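A.B. asks: In case you want the letters, here they are:
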Amino acid sequence: MKWVPDTSAYDETFDRAAGPRPHYRALVTTLESFTQTEIDRRERLQKISLVDQGITFTVYGEKEGLERIFPFDFVPRIIPAREWERIEAGLIQRVTALNLFINDVYQEQKCLRDKVVPPELVLSRREYKRALLRLTPPRQIYTHVVGTDIIRNDRGDYLILEDNCRCPSGVSYVLENRNLLHRVFPEFFTRYPVRPVREYPRLLLDTLLWSAPRASENPVAVVLTPGIHNSAYFEHSFLAREMGAFLVQGRDLVVEDSAVYMRTTAGRQRVDVIYRRVDEDFLDPLAFRRDSLLGVPGLVNVYREGNVAIANAPGAGVADDKAVYAYMPALIKYYLGQEPLLGQVPTYVGLRRDDFAYMREHMAELVVKTTGDSGGYNMLMGPFAARREVDAYLAQMKKAPGNYIAQPLIELSSHPTYVDGRFEPRRIDLRPFILYGETIRVLPGGLTRVALRPGSYVVNSSQGGGSKDTWVLAARNT
Amino acid sequence: MLSRVADALYWMGRYLERSENITRLLLVTEDFSTETQGLAEQVAQAAWKDLLAIFPAAQVGAPASAFAPLSQAYLVGFFLDPANPYSVHYSLRKARENARSVREALTVEVFLAINETFRALDADARRGLVDPPALRDALSAAHKGLFSTIGAIEHTFTRDDSWLFLKLGESLERVYRTALILRTKLPALGASEPRADVALYYTQWRTLLRALGSLENYRRAYGARLEPQLVVPFLLFDPHSPRSLRFGAEAVKQCLERISGEPGPASRIIGRLHAGLCYHDERAAPGGDYAPLLDGVVDASGQAHDALAGQYFAT
Chain A
28 MKWVPDTSAY DETFDRAAGP RPHYRALVTT LESFTQTEID RRERLQKISL VDQGITFTVY
88 GEKEGLERIF PFDFVPRIIP AREWERIEAG LIQRVTALNL FINDVYQEQK CLRDKVVPPE
148 LVLSRREYKR ALLRLTPPRQ IYTHVVGTDI IRNDRGDYLI LEDNCRCPSG VSYVLENRNL
208 LHRVFPEFFT RYPVRPVREY PRLLLDTLLW SAPRASENPV AVVLTPGIHN SAYFEHSFLA
268 REMGAFLVQG RDLVVEDSAV YMRTTAGRQR VDVIYRRVDE DFLDPLAFRR DSLLGVPGLV
328 NVYREGNVAI ANAPGAGVAD DKAVYAYMPA LIKYYLGQEP LLGQVPTYVG LRRDDFAYMR
388 EHMAELVVKT TGDSGGYNML MGPFAARREV DAYLAQMKKA PGNYIAQPLI ELSSHPTYVD
448 GRFEPRRIDL RPFILYGETI RVLPGGLTRV ALRPGSYVVN SSQGGGSKDT WVLAARNT
Chain B
502 MLSRVADALY WMGRYLERSE NITRLLLVTE DFSTETQGLA EQVAQAAWKD LLAIFPAAQV
562 GAPASAFAPL SQAYLVGFFL DPANPYSVHY SLRKARENAR SVREALTVEV FLAINETFRA
622 LDADARRGLV DPPALRDALS AAHKGLFSTI GAIEHTFTRD DSWLFLKLGE SLERVYRTAL
682 ILRTKLPALG ASEPRADVAL YYTQWRTLLR ALGSLENYRR AYGARLEPQL VVPFLLFDPH
742 SPRSLRFGAE AVKQCLERIS GEPGPASRII GRLHAGLCYH DERAAPGGDY APLLDGVVDA
802 SGQAHDALAG QYFAT
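Protein chains in written order, with my numbering: chain A, 28 to 505; chain B, 502 to 816.
Hints in this document: simulated from the structure, not taken from any laboratory.
Quick caveat: nothing in here was measured; it's all calculated off a predicted structure.
A few of these clues could be false.
Stated by the list, open to error - Counterexamples of contact, computed for chain A against chain B with all Cβ distances above 12 Å:
| # | residue |
| --- | --- |
| 1 | D67 |
| 2 | W237 |
| 3 | E283 |
| 4 | K360 |
| 5 | G464 |
| 6 | A502 |
Unchecked claim - Below, simulated BS3-like cross-link-like pairs (lysine-lysine); rule was C-alpha separation at most 30 Å, straight line:
| # | chain 1 | residue 1 | chain 2 | residue 2 |
| --- | --- | --- | --- | --- |
| 7 | A | K360 | A | K137 |
| 8 | B | K595 | A | K74 |
| 9 | A | K74 | B | K645 |
| 10 | A | K142 | A | K360 |
| 11 | A | K142 | A | K426 |
| 12 | B | K550 | B | K595 |
The beta carbon of each residue, even a glycine, is placed where N, CA and C say it ideally should be.
Isolated chain A (complex conformation) (with noise of 0.2 Å):
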């Protein structure tokens, strides 16, 4: 069996020096006992599996309705109790703020008064809906389900990448790369206490109905999906299956004396509480983008009149921020009067002038971003682009400098990953997905994405990345 070290940046399985980490030496014994044969025969059963399940995403700009497999590699990405005590606590300190600071933007705007955000960052972006000032959600809660991503340095500290406080996607992945495990390498599982995943959609309907406005016995949670062609759509019906609700597309849904109603066979039927996975510019187009056809006219007011939640919340979107990011720790001191517990990247933020100047000057060490885009889209990496790359993204970033930011590279953790027959280190992230219902809970678990391509560091499936089983470790009582 040949093991391939990362000598470049953190390897969260070999210590440089000393062999396998200890949370990894059973792992390390138990795969050297397969032969290469075995394990490719294992590995073949693992992909059958996928493509019999229709485990797939869809890839936007390929031909409609392509399907894929989101490559999944069968090296488990382990994380000791004590390492996910802090990831854990660090997380729910963090969506505390969130909230919070969502809360403050719709309400009094106290953090934009005492100057701890710039104002003109949080007003003029597209994710503030101005027309959802003063309005307060069920039981104050915009970020029902957020899912965060963690990146290690080289030191192997823990720093917050990226919050998602709109429509993460991948916790389907999560439970689905546990069975998948569970069924093909089963053997791994006899020597770890592995925290169990499984209860998400549970805990989820839980969360959703916790923010159903109307004292109802049996209130109605229903999944808004853009629809089959959307690219979580596997998703977004696993989900609904799942926690036993319906899965409805814009056009099942009617908006009828302030309230909400599925269209059903039977006639309308009430709904309290909507988990939308549906982008909130498209969410109605009375109130918001005019041309969207995913949408439900009116669904705005009925929720602003109270009669239905909807989660995430609309409006949750400024948090989402990559400008705001950098002024998390501000906001986690300003609202909670703590120290953060999780690191994160420094940020350079276009919006102020000393910062667009360093960015303009040292564009090759940076990666620059937009702040409104997601899944490494339209983004910049400084140290690996041409210089007429450089020149043409620099050209864009000075007609709105507010609209981009600007981070060091930092050399992401490697974990061994099987490549032809060999374990060879892949770059990793990690995203947990934490549910702020009653309580705020973190499933003990996350995707774990991985840059298939060697040296990468872009891990998102929609630019060719992979993922991997993530094992939280119960605390043993010795």
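Starting from the structure of chain A, add chain B where the hints point.
C.D. replies: Below, chain B without anything else, positioned relative to chain A:
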């Protein structure tokens, strides 16, 4: 349940049933054609041409070579051609698309079965199979896959409205297609005489029963005696054989009654059709002419479909 989901399940049921019908017709016709091509090429030709009447919008390309058996072009066209709206490939793809669009309303087993069956078929289509024995193998495999899917539905589905709409699509498609097959095949069969070629004559009747998945059911009722005056009423009026028109109409009627307690427009149409098949008077078809009755079944199926769409699927 959601109107959109009911609509998708109804079509999934129709397309699954259609896939199975086409598959069976191809297997049976291929047997018949191989058996008779050398003896009576006209008859073999006609058996294939009937498919174009049963599936009106279908088209078939030219045979691969001068030596290719008759069946070859039809097998390719009706089995694997993705562009033929009545190929197994097309129908099963539609069934899967409908299944995929309401995956949350299905059990995992059902989706797995339909997905695997379609993927195997699609792989055959991509390989461009033209060799008749290979096509036959692939057809048999598809037939098994379809039965796994139907079995998964039978074993895992909750018997709620989802089930009823799926079964409604299946039963209505079956009644409609059975009536079309009989309407296409009976005139020529009724006109032929046993005196000309006894073996061929009985082969044709046996093939009709097989084409409608009813040969063994018929034997249970009447043994090996193959009499046209028994076969036709059996296919039309038998209360127990799952592919008789009466049985199909009853299945449609029961689904409609369970979906809605009160009779709607669709249940009125189907109720009258069912009553007509239950209380059929032989004197109403003098000389065994069932053409008016079959026309009535085809029309009623179409009207019932429109009524259903208006009542349940309209958004």
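A.B. asks: Sort out which numbered hints this structure fails and list those numbers smallest first.
C.D. replies: Every hint satisfied by this model.
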